[in-house]
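Colleague: Taken in order, these protein sequences are the chains called B and Y.
Here this note's numbering is used: the first residue of the first sequence is 1, the next is one more, and so on.
Here this note's numbering is used: the first residue of the second sequence is 329, the next is one more, and so on.
Just so you know, these hints were derived from the structure itself, not from any lab.
Think of the CB as a built atom: it goes at the ideal place given N, C-alpha and C, for glycine as much as any other residue.
Everything hinted at is true.
The following label-pair restraints were derived from C-beta to C-beta distances:
#, chain 1, residue 1, chain 2, residue 2, range
1, Y, Ile-368, B, Val-164, 52 to 58 Å
2, Y, Phe-612, B, Pro-155, 46 to 52 Å
3, B, Arg-221, Y, Arg-553, 28 to 34 Å
4, Y, Leu-444, B, Gly-252, 36 to 42 Å
5, Y, Ala-638, B, Asp-47, 52 to 58 Å
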Amino acid sequence: MSAERRSLLPTLRRLSHSQRGTLLAYVAIIVLFVIGGIYRPSFVRPDNIGLLLLLASFIGLVAAGQTFVILIGGIDLSVPWVLNALAVLLTTASLGQNSRAWWVVPLVLIVGIVIGMVNGLGIVLFDIPPVVMTLGMNGVMQGLVLGFTGGFTCPSCNSLAPPVVQGAITGQVLGIPTGLLVWIVIAIIVGLVLGFTTLGRRIYAIGNNAIAAYLAGVNVRLVTIIVYAISGLFAAIAGIALTAFGQQATLGMGDPYLFDSIAAVVIGGASILGGRGNYWGTIAGAIFLVVLRAVLQEYDISEAARSIASGVVILVALLLYGREARDV
Amino acid sequence: MSTTETKTDTELAAHTSAEARFQYYVAQNVPLLLSIGILIAMVMIYLILFVLTQHHLPGNFEFSTTLNNTMTVGLAAIGQTLVVLTGGIDLSVGGIVDVTNSLAAQMMHDSPGSMLEITLLVLLVGAGAGFINGILVAYGRLQPIIVTIATLAIWQGVALLILPQQGGFIPTGFTNLLAGNIRVLGNLPSSLIIFILLILLWQVLRRTRFLVTLYAIGNDERAARANGAPVMLAKVGAYTVGGIFSGLAGLYLAAVATSGDATSGTPLTLTSIAAVVLGGVSLFGGRGSAIGSLMGAAILTLILSVLFFAGVNPQLQEFFQGLFLILAVIASTLVRPLLQSGR
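Same shape as in the complex, but just chain B (with noise of 0.2 Å):
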């Protein structure tokens, strides 16, 4: 055994399950944008890397609100239709002008939340089942903005957002797009949150046993409402980000981030149980996922073999290092 990989293992080896599976996402997007260099160069020029961390930015919002409710051992289906919900009460209350944002976007913010409080409070309430509460919720905001917007056929339906909140999302400061240094704003907010903070600590607690965590004096209940709040929260900024983005709110937007934000949470070393993973593994996740479909496209690689590709990274992902310890 050779001096330098026996300084580097016994590192590694320190290293705790998601940790290592931070680390791997981290390297694996290095690997890939090598890969992207490689074949045009062009792939690996800052504007395109910026373009790619936008997008990555969107899964990543989306996936901060996942990741919290994994940490508890939850999951919240309801992302889609309460983000494309929240896309279009951006875009048909503002009517794409910039005099009712400072009262539109509030208001977008506080509706998520109360949507997730509302995930929260059957889940604590009526001790349902989280995968049955948020796919009912889901199915419930589908249906609300079907039935409001009468199947997207409203004259307000093709507002655009409004210029300001396009300009947050769209702008460059520097060179890098705004909405990045939103999301960098909101990583380290959310970084602080669950690492140095009391909710962040009770929520690791009822991640790993929560039983135990009632016993020491946490208020499960309420730690729970709260995860899923910040859950609509992030599905809302995600709305906002999206259709600032896209200028326009569209059906089904919100599809693609269910799949998504989970993907970005497990690759990024999290486990789906709960208790064990950070927001920077998450943050990795999102990042590799777009990057991976954008190295695969540059390949000329069709969207059913980049759909299958994307479920393959994620089982050798797990197979790495989203194994569970060998019961007795």
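Fit chain Y to the supplied structure of chain B, relying on the hints for placement.
Modeller: Same frame as chain B, but now just chain Y:
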């Protein structure tokens, strides 16, 4: 909890009167009875609305259409049930349906040999897809929800490769066989025969060692293993047989639609879970039956008809389906203690 169980058992042994036995059965099958109750209520509402709006009783056409729509969801829901009984969940159901649906529409010719061949192929593909899920869950020691979300993406991609544009062709003979009426039996819809056969099949299946092991795993996997139950094999079996039923759902969907679509099966992941939940199967595993899931599938189908005849904006369909799912689960949590406190 365990003390009340044993008390009931001793009570049962003490006086096995028909009444006591009935009470015991009710207490043991609250969720199933609840879903049957909801189904009966839905049928009544449906009949009333139908007569009020159409001024005649629903005929054979309405009956067979409702049953045909129920069967697709029902087959997928039986597959889902087997997996849910072990405490797992199969999100790849929709993907497997997509693949088998596309396969059938792309490859089937108008000859009995081809129909048999494709049916067998579909069963094989379903079994294979489920087998992969099962191996990854049992021997890969991975969480079912995330394994099947990954295989869902894979099968959706595969389905698009098989049938890039919706279309294909299903011979009329095959559609008549699965979704038509059977002359010799007084024009009964064949879906009714399949429905009854599935219930009978379940009655046999649930007494087999395989199903008993699945229930044991769902109740307490560690205890099942400690008692020498072949936990790993049974889990792989649950996903494999579940995959076969998903495959059949895809075949049935193709027969009803008379053509194929690589994306039409995708919603079945969610509806199969909804049917299972409405049918009183516990998502935590170990409790429930496929009969309940079939009831759940029928309830889901009837909701759509009821909404239609009630003149509800069809765009609100998903709203009411979602709301109904949540309310049904709340109802079952509220009703269960009431029914069980009597014993």
